[in-house]
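> Sequence:
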Amino acid sequence: TAICTTSCGTSSATIEIKAGEQPKVPVIDASKKICCDGEKATLTAIGCNGTLKWSTEETTNTIEVSTSGTYSVSCTTSCGTAESAEPVVIRTGESPKTPVIEANVTKICGPEKAKLTASNCNGDVIWSNGMTGTSIEVGTVGTYSAICRTICADSPASNVIEIKAGDKPDAPTIVTADKTELCGDATA
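For any residue, its number in this note's numbering is found by taking its place in the sequence shown, counting from 1, and adding 5.
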């Protein structure tokens with residue numbers, strides 16, 4: 006309270022001073038952490054007892070994001086600023102495309118191998134035999150297919166290629182020679 010006194014009288018004014026509150030550490034709740042095909046994630050700051058400020062410069066309790074990145078939020082009171090307990094990482098991706106597979110050969114013999122190649126996949130190729138990669142070599146007869154995996158999902162299976170055992174060659178045809186016995190330097 007302040008008092009002012011003059012020959013004309015006395016006046017006073019009172020100001021109430023309150024103890025400030027330390028900022029509480031905000032926690033971020035994310036509706037999702039992976040956004041596919043343009044989806045948005047809703048981020049909500051929980052527990053702040055002051056003014057919020059997101060890493061995007063927004064100051065509302067809830068924000069929507071659709072780009073990959075790390076998002077954090079701070080809480081400020083007259084006594085200071087507290088950063089978010091744990092930033093949230095948002096990843097974006099696309100739905101997977103169904104791969105198309107081809108083989109360099111469809112029949113193998115002995116130690117031979119067929120090379121299978123997948124195209125049209127916008128993620129990781131997973132083969133029906135558990136192998137991974139755009140191209141694989143197989144030495145076992147059977148049917149093969151592949152899927153495409155992104156952070157969003159797995160694609161439907163590709164076309165199927167069957168690798169078969171190769172055929173034995175036909176026995177050669179022997180043309181009967183005009184002679185069946187040779188003497189000395191004779192030829193048939």
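These are calculated hints, taken from the structure and not from any lab test.
Just so it is clear, the structure is predicted and the values come from calculations on it, not from any experiment.
Backbone N, C-alpha and C fix where the C-beta goes; we use that ideal spot for every residue, glycine too.
Don't take each hint at face value.
Beta-carbon label-pair distances, calculated as ranges [said to hold, decoys possible]:
no., residue 1, residue 2, range
1, VAL32, ASN125, 38 to 44 Å
2, GLY52, ILE8, 53 to 59 Å
3, VAL32, CYS9, 48 to 54 Å
4, ASN109, ARG154, 34 to 40 Å
SDA-like, lysine to any residue: derived pairs with alpha carbons at most 25 Å apart [what the hints assert, rightly or not]:
no., residue 1, residue 2
5, LYS45, THR61
6, LYS29, CYS114
7, LYS29, CYS84
8, LYS169, ILE95
9, LYS120, GLY98
10, LYS102, THR61
11, LYS112, THR139
12, LYS102, LYS120
13, LYS29, ALA108
14, LYS58, GLY74
15, LYS58, ALA108
16, LYS169, GLY189
17, LYS45, LYS112
18, LYS102, CYS84
19, LYS102, ILE39
20, LYS37, ALA108
21, LYS169, GLY85
22, LYS37, SER77
23, LYS29, SER100
24, LYS37, VAL70
> Now, for every hint given, state plainly whether the structure supports it.
Against the structure, the hints:
Distance hint for VAL32 and ASN125: a CB-CB separation of about 42 Å, consistent with the stated range 38 to 44 Å. Hint check: GLY52 to ILE8, Cβ distance near 43 Å, so the stated range 53 to 59 Å is violated. Distance hint check for VAL32 and CYS9: the Cβ-Cβ separation is about 49 Å, which falls inside the suggested range of 48 to 54 Å. The hint said 34 to 40 Å for the Cβ distance between ASN109 and ARG154, and at roughly 24 Å that hint is violated.
Annotation: proposed proximity of LYS45 to THR61 holds, straight-line Cα distance about 15 Å (limit 25 Å). A C-alpha spacing of about 71 Å is found between LYS29 and CYS114, which places the hinted pair above 25 Å, so the restraint is violated. Under the criterion of a C-alpha separation no larger than 25 Å, the hint pairing LYS29 with CYS84 is consistent with the structure, at around 11 Å. With a C-alpha separation of about 46 Å, the suggested pairing of LYS169 with ILE95 is violated against the 25 Å cut-off.
Of the pairs offered as hints, the one joining LYS120 and GLY98 is violated, with about 30 Å between alpha carbons and a cut-off of 25 Å exceeded. The suggested pairing of LYS102 with THR61 is violated, with an alpha-carbon distance near 32 Å, which exceeds 25 Å. Of the supplied pair hints, the one linking LYS112 and THR139 holds, its CA atoms being roughly 21 Å apart against a limit of 25 Å. Restraint check: the Cα-Cα separation between LYS102 and LYS120 comes to about 21 Å, which is no more than 25 Å; the hinted pair holds.
For a cut-off of 25 Å, the pair hint linking LYS29 to ALA108 is broken: about 61 Å separates their Cα positions. Restraint check: the Cα-Cα separation between LYS58 and GLY74 comes to about 16 Å, which is no more than 25 Å; the hinted pair holds. The straight-line distance between the Cα atoms of LYS58 and ALA108 is roughly 56 Å, outside the 25 Å bound, and the hint therefore fails. Of the supplied pair hints, the one linking LYS169 and GLY189 is violated, its CA atoms being roughly 49 Å apart against a limit of 25 Å.
Among the hinted pairs, LYS45 with LYS112 is inconsistent with the structure: their alpha-carbon atoms are about 49 Å apart, more than 25 Å. Taking the CA atoms of LYS102 and CYS84, the gap is near 53 Å; set against the 25 Å cutoff, the hint is violated. Between LYS102 and ILE39 the alpha-carbon distance is near 18 Å, which keeps this suggested pair within the 25 Å criterion. With a C-alpha separation of about 40 Å, the suggested pairing of LYS37 with ALA108 is violated against the 25 Å cut-off.
A hinted pair counts as satisfied when its Cα atoms are at most 25 Å apart, and LYS169 with GLY85 does not qualify at roughly 73 Å. In summary, the hint linking LYS37 to SER77 is supported, as the alpha carbons are separated by about 15 Å, within the 25 Å threshold. A distance of roughly 39 Å separates the Cα atoms of LYS29 and SER100; the hinted pair therefore is violated under the 25 Å criterion. Restraint check: the Cα-Cα separation between LYS37 and VAL70 comes to about 10 Å, which is no more than 25 Å; the hinted pair holds.
When each numbered hint is compared with the structure, violations occur for hints 2, 4, 6, 8, 9, 10, 13, 15, 16, 17, 18, 20, 21, 23.
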